[in-house]
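Engineer: Residue numbers are given in numbering that gives the first Met the number 0: position 13 of the sequence shown equals residue 12, and the series is strictly consecutive.
In case anyone wonders, no lab produced these hints; they're calculated from the structure.
For glycine and all other residues, C-beta sits at the position ideal for the given N, C-alpha and C.
Warning: the hint list may mix true and false statements.
Stated by the list, open to error - Computed spacing ranges between beta-carbons, pair by pair: (1) Glu76 / Leu50: 28 to 36 Å; (2) Ala42 / Leu64: 21 to 29 Å; (3) Ile12 / Glu74: 13 to 21 Å.
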Amino acid sequence: MTESSPPETQLQILLDCPPYWIAHAMQEQGSRFFQHLGAALAAADLANRRLIYQTWPAECWDFYLRGLTLQRAEEGEEA
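Construct all of the structure, not just a fragment, from the sequences and the given hints.
Structural biologist: Right, dumping it as C-alpha coordinates:
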(Lines of atoms letter the chains of each structure in order from A; the text may use other names.)
(Lines give C-alpha, C1' and ligand atoms only; values in the text may rest on other atoms or scores of the structure.)
Protein backbone atom coordinates (compact mmCIF):
# COMPACT_ATOMS: atom_id res chain seq x y z
CA MET A 0 0.00 0.00 0.00
CA THR A 1 2.55 2.51 -1.11
CA GLU A 2 2.43 5.41 -3.49
CA SER A 3 4.05 3.21 -6.14
CA SER A 4 1.12 0.77 -6.24
CA PRO A 5 -0.39 0.42 -9.73
CA PRO A 6 -3.55 2.50 -10.27
CA GLU A 7 -5.74 -0.61 -10.57
CA THR A 8 -4.49 -1.84 -7.20
CA GLN A 9 -4.99 1.60 -5.66
CA LEU A 10 -8.58 1.73 -6.92
CA GLN A 11 -9.32 -1.71 -5.48
CA ILE A 12 -7.80 -0.75 -2.13
CA LEU A 13 -9.87 2.44 -2.05
CA LEU A 14 -13.06 0.53 -2.88
CA ASP A 15 -12.34 -2.18 -0.30
CA CYS A 16 -11.81 0.17 2.63
CA PRO A 17 -14.47 2.18 4.43
CA PRO A 18 -14.46 5.78 3.17
CA TYR A 19 -14.48 7.33 6.66
CA TRP A 20 -10.77 8.17 6.99
CA ILE A 21 -10.39 9.28 3.37
CA ALA A 22 -13.39 11.59 3.72
CA HIS A 23 -12.15 12.78 7.12
CA ALA A 24 -8.72 13.65 5.70
CA MET A 25 -10.34 15.51 2.79
CA GLN A 26 -12.57 17.50 5.11
CA GLU A 27 -9.81 18.25 7.61
CA GLN A 28 -6.82 18.86 5.33
CA GLY A 29 -8.18 19.59 1.88
CA SER A 30 -8.97 22.77 0.01
CA ARG A 31 -12.56 23.96 0.03
CA PHE A 32 -13.23 21.78 -3.03
CA PHE A 33 -11.86 18.65 -1.36
CA GLN A 34 -13.67 19.44 1.88
CA HIS A 35 -16.94 19.29 -0.05
CA LEU A 36 -15.80 16.24 -2.01
CA GLY A 37 -15.03 14.56 1.31
CA ALA A 38 -18.58 15.25 2.48
CA ALA A 39 -19.90 13.79 -0.77
CA LEU A 40 -17.64 10.76 -0.39
CA ALA A 41 -18.87 10.15 3.15
CA ALA A 42 -22.47 10.13 1.90
CA ALA A 43 -21.85 8.22 -1.35
CA ASP A 44 -22.94 4.70 -2.17
CA LEU A 45 -20.44 2.29 -3.74
CA ALA A 46 -21.17 3.35 -7.34
CA ASN A 47 -20.63 7.02 -6.55
CA ARG A 48 -17.52 6.31 -4.46
CA ARG A 49 -16.11 4.46 -7.48
CA LEU A 50 -16.91 7.48 -9.67
CA ILE A 51 -15.15 9.85 -7.25
CA TYR A 52 -12.10 7.57 -6.99
CA GLN A 53 -11.89 7.12 -10.77
CA THR A 54 -12.28 10.85 -11.46
CA TRP A 55 -9.58 11.97 -9.00
CA PRO A 56 -7.39 8.86 -8.52
CA ALA A 57 -4.12 10.51 -7.46
CA GLU A 58 -5.84 12.92 -5.11
CA CYS A 59 -7.98 10.21 -3.54
CA TRP A 60 -4.91 8.03 -3.05
CA ASP A 61 -3.11 10.93 -1.38
CA PHE A 62 -6.04 11.47 0.98
CA TYR A 63 -6.19 7.71 1.61
CA LEU A 64 -2.57 7.83 2.80
CA ARG A 65 -3.31 10.92 4.89
CA GLY A 66 -6.34 9.12 6.33
CA LEU A 67 -4.15 6.19 7.38
CA THR A 68 -1.93 8.65 9.25
CA LEU A 69 -4.94 10.23 10.97
CA GLN A 70 -6.31 6.80 11.86
CA ARG A 71 -3.00 5.66 13.36
CA ALA A 72 -2.72 8.90 15.34
CA GLU A 73 -6.22 8.52 16.75
CA GLU A 74 -5.72 4.86 17.60
CA GLY A 75 -2.44 5.77 19.29
CA GLU A 76 -4.23 8.35 21.44
CA GLU A 77 -6.84 5.81 22.52
CA ALA A 78 -4.26 3.15 23.44
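Engineer: With reference to the structure, classify each hint as holding or not holding.
Structural biologist: Now for the hints, and whether the structure bears them out:
no., hint, in the structure
1, Glu76 / Leu50: 28 to 36 Å, "holds, 34 Å"
2, Ala42 / Leu64: 21 to 29 Å, "holds, 22 Å"
3, Ile12 / Glu74: 13 to 21 Å, "holds, 19 Å"
Checked against the numbered hints given earlier, this structure breaks none of them.
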